[in-house]
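Just need the whole structure built from these sequences, with the hints factored in.
So the protein sequences, as listed, match chains A and B.
Numbered per our numbering, the first sequence finishes at 262, counting up by one with no gaps.
Numbered per our numbering, the second sequence finishes at 1284, counting up by one with no gaps.
What the hints contain is simulated information worked out from the structure, not anything from laboratory work.
Possibly wrong hints are sitting among the right ones.
Unchecked claim - For lysine-lysine, the following DSSO-like pairs were computed, each having C-alpha atoms within a straight-line distance of at most 27 Å:
{"id": "1", "chain 1": "A", "residue 1": "Lys230", "chain 2": "A", "residue 2": "Lys15"}
{"id": "2", "chain 1": "A", "residue 1": "Lys174", "chain 2": "A", "residue 2": "Lys199"}
{"id": "3", "chain 1": "A", "residue 1": "Lys174", "chain 2": "B", "residue 2": "Lys1277"}
{"id": "4", "chain 1": "A", "residue 1": "Lys25", "chain 2": "A", "residue 2": "Lys15"}
{"id": "5", "chain 1": "A", "residue 1": "Lys88", "chain 2": "A", "residue 2": "Lys174"}
{"id": "6", "chain 1": "A", "residue 1": "Lys230", "chain 2": "B", "residue 2": "Lys1062"}
{"id": "7", "chain 1": "A", "residue 1": "Lys232", "chain 2": "A", "residue 2": "Lys261"}
{"id": "8", "chain 1": "B", "residue 1": "Lys1278", "chain 2": "A", "residue 2": "Lys88"}
{"id": "9", "chain 1": "B", "residue 1": "Lys1278", "chain 2": "A", "residue 2": "Lys261"}
{"id": "10", "chain 1": "A", "residue 1": "Lys15", "chain 2": "B", "residue 2": "Lys1062"}
{"id": "11", "chain 1": "A", "residue 1": "Lys232", "chain 2": "A", "residue 2": "Lys15"}
{"id": "12", "chain 1": "B", "residue 1": "Lys1278", "chain 2": "A", "residue 2": "Lys230"}
{"id": "13", "chain 1": "A", "residue 1": "Lys232", "chain 2": "B", "residue 2": "Lys1278"}
{"id": "14", "chain 1": "A", "residue 1": "Lys88", "chain 2": "A", "residue 2": "Lys232"}
{"id": "15", "chain 1": "A", "residue 1": "Lys174", "chain 2": "A", "residue 2": "Lys190"}
{"id": "16", "chain 1": "A", "residue 1": "Lys15", "chain 2": "A", "residue 2": "Lys261"}
{"id": "17", "chain 1": "B", "residue 1": "Lys1277", "chain 2": "A", "residue 2": "Lys232"}
{"id": "18", "chain 1": "A", "residue 1": "Lys230", "chain 2": "A", "residue 2": "Lys261"}
{"id": "19", "chain 1": "B", "residue 1": "Lys1277", "chain 2": "A", "residue 2": "Lys88"}
What the hints assert, rightly or not - Ranges between beta-carbon positions, derived for each pair:
{"id": "20", "chain 1": "B", "residue 1": "Gly1255", "chain 2": "A", "residue 2": "Glu92", "range": "36 to 42 Å"}
{"id": "21", "chain 1": "B", "residue 1": "Gly1255", "chain 2": "A", "residue 2": "His6", "range": "23 to 29 Å"}
{"id": "22", "chain 1": "A", "residue 1": "Gly145", "chain 2": "B", "residue 2": "Asp1100", "range": "29 to 35 Å"}
What the hints assert, rightly or not - Here are some of the chain A residues that sit facing chain B, going by a computed Cβ distance under 8 Å:
{"id": "23", "residue": "Asp75"}
{"id": "24", "residue": "Val94"}
{"id": "25", "residue": "Val99"}
{"id": "26", "residue": "Phe101"}
{"id": "27", "residue": "Gln106"}
{"id": "28", "residue": "His213"}
{"id": "29", "residue": "Met215"}
Source: prediction; values computed, not measured.
The beta-carbon is built from N, C-alpha and C at its ideal position, and this holds for glycine as well.
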Amino acid sequence: MITMEHVCKSYRIAKRNAGLKEACKAFFRREYDEVHALDDVSFTIADGEMVGYIGPNGAGKSSTIKILSGILTPDSGSCLVDGRVPWKNRIEHVRHIGVVFGQRSQLWWDVPVIDSFALLKDIYSIPDSLYQENLEELTHLLDLGELMRSPARQLSLGQRMRCELAASLLHSPKLLFLDEPTIGLDAVSKLAVREFIHKLNETRGTTVILTTHDMQDIEALASRIILIGKGKILMDGTLEDIRRGGENMDETIAQLYRDYKI
Amino acid sequence: MEQLHTYMQNTGLNPGGWRKYFSFFRMRFFMGLQYRTAAIAGMATQFFWGMMEILLYNAFYKADAAAFPMSFRALTSYIWLQQAFLTLFGAWMFENEIFDAIVDGNLAYEMCRPVNVYNMWFSRSMAMRFSRVCLRCLPILLVAGLLPEPYGMSLPASALHGLLFAVTIFLCALVVVACTMLVYVLTFYTISPVGLRMVYVCAVDFLCGAIIPLPFLPDGLQRVIELLPFASMQNVPLRIYGGSMSGGEMVRAIGLQIVWIVVLIAVGRMLCARAMKKVIVQGG
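And the structure:
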């Protein structure tokens, strides 16, 4: 169970105009802009839900994920994940969650993937039996097999993303955050990833929160959609609420962004 | 009680929690052993460098051996050990991956793990240095040991000196890593590591006795420098080995090493914990 109430987070961004004169001026006096990444964000997510978290670039999606995973401390507001305040006790909190950042890698670059997995086993203190069980299941579902013996740097993006998913699930987290998990993947890999996430949610009852720009991801996976723009929650509903009679999803969303002027 | 437990977990002090940091150590250690060509190239450079240095000092000593605070034999041992353990001592050795994690935001993943970031980086850094030294030190010591007197390496001044050398070289590694950890942690505040790193490397190379042994410096300056943490690095084991420190000096030097280890680690952890609270993970 996740509850976020009135969460705000703003960043200070140094700004100046182009040109030498402006650069010299900025050397002595810097102008900052406050950017409200999150502005009074509230929502509740129940156990076992699959939620698509969408919005244009810079809307505050990643900031939300970072707060929920204990990386970022908000300026104000409260947030509880299964009774824990993520940033208050980060180490205890992250034991129970899995995170995949589509644009980053958690695997060690120079060693076989299976070594990265073994390291994660020690990091999370996963018991041997559970580790073996999870590894077998994930190997089977994600078709890892031989992949695990190659170094991460020699895998294709699709292969690596499958390994990343496995890496984030070895400790059987109840909650999985996926930040753009299908970015840059080809059609086959995308389908494989989607199918896997679906199965995971069905069999293990893992709560999944997914941010993406790929509307097909949302169609395939999310039963509930939260739309965020300029740091505010604009809409919270089902796929049907967004879709207005069989139109193309991308156009619908683009129209939605225009309607909300975000 | 529960608070204590939480605190211990957060700081990685609970005994069961050491295992994961040991795993980091092991992983990085074995990874480091892969780089064989780099090790061979490094050994050749270090051997050549050691030779040049000894020839240079030889010329000085020929002019007036009495003007130097160390015997020529102690000095050659100093130089050969310095070259053999270069990758354990080196102030310039940083892990770029750690800087990258801070600068481009890959830190996000490290923060999603139930580990203390300071301890994790500390064990990684130790492992990197130990793996490099493991590959390099023996061949250099062996060749240096076979060189004719007085240019080669000699045995430690006594068995006790040999033992204290082993202890202090380990303490030295802890001081070196604790100092580099400060540079990593300060990068959270400066965002770019470049300037800090440059100043650190230049200053430490001089102050730790990597360029010239500290006893060669003028007395007044030497007395001040010996109190700094940098003098608790290679200066201590290298001088103990050759027997150029008296009993009292050795005890004081080891005590100072331990004090600096405690202080540097405490400051590093405090800054790291503070940085974690206000950290803005850079980029998307």
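### Message
For a quick check of understanding: which of the numbered hints are violated here, in increasing order?
### Response
Violated: hints 6, 9, 10, 21, 23, 28, 29.
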